[in-house]
Amino acid sequence: MRSADLDAFLSDHPAAIVAELTSVRGSSPREQGAFMLIAAAALLGTIGGGALEYMVIARARQALRDGLPPGVMEVPLGPEIGQCCGGRVTVALRVVGASDAARLASRLRISEGALPHVYLFGSGHVGKALARALATLPLQVHVIDTRPDELHDLPAGVEARAVPMPEAVVRTAPAGAAFVILTHDHALDFLIAAEALKRADAPYVGMVGSRTKRARFASWYRGEGGGERDLARLVLPIGDFGLVDKRPEVIAALAAAEIMVHIGSGEASGTRPVATMSGAAID
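Numbering (the working numbering), first residue to last: 1 to 283.
Calculated from the structure, these hints are not laboratory results. No false leads were mixed into what you were given.
Here are the simulated EDC-like pairs of lysine to aspartate or glutamate, each with C-alpha atoms no more than 16 Å apart in a straight line:
hint	residue 1	residue 2
1	198	167
2	198	230
3	198	228
4	198	224
5	213	185
6	213	240
Kindly generate the complete structure, drawing on both the sequences and the hints.
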């Protein structure tokens, strides 16, 4: 959930209830602080799905119909409700007022600001497909191209920038940013990749292409004084899971998974802060 989604939902459904997990004990499908919005005929977000969420939605909608405070639910996530998590959660429900809407939006904006950055260099067929695949994930996505006319048909929320020297963007990117190189020019690809491999903080540096392209880049990179340790960090080809499929959407799906694994591995090892969309608990 993004802050823009929240604003749009409350604009369309001003009578809504927020349901938040204020306490989680044992195994649960979502973490403490996760929340969702419930209106009479619409939903936004999730607190884990299944029987738990079904019960919470029913309670919230009954409260909306009756005009009564929805209250708090203590729910065991076991055989009592047909789930097998085995934990127990407390769900606080309340009607969303102006202060709640502002607080929720602030939480989401703070979380969004802490999300990892991914820079896509090139807005061709694969670049656009990858931008669409990444736009739905908890990431800040940027598409960089030297050709302004190519920066179209990109998803909402994706930053698009036309710059004459894309490799310079790498130098000023935030700490922990990931870089994916998919331009129309192999020489430009090589310049961007060489700059990205200087960023020891980058969890992912990938380039679209073949093993032949990797061999050519490796030869050029060594000739430019590049080291083997940095060269080994380059993912080329991207999304190489043994599935030979050159359709942009398939490459994008595989590369998106690969990028998330690399970013998640960095978070798990403590090399960058973990950001969640749930944020801090509601007061």
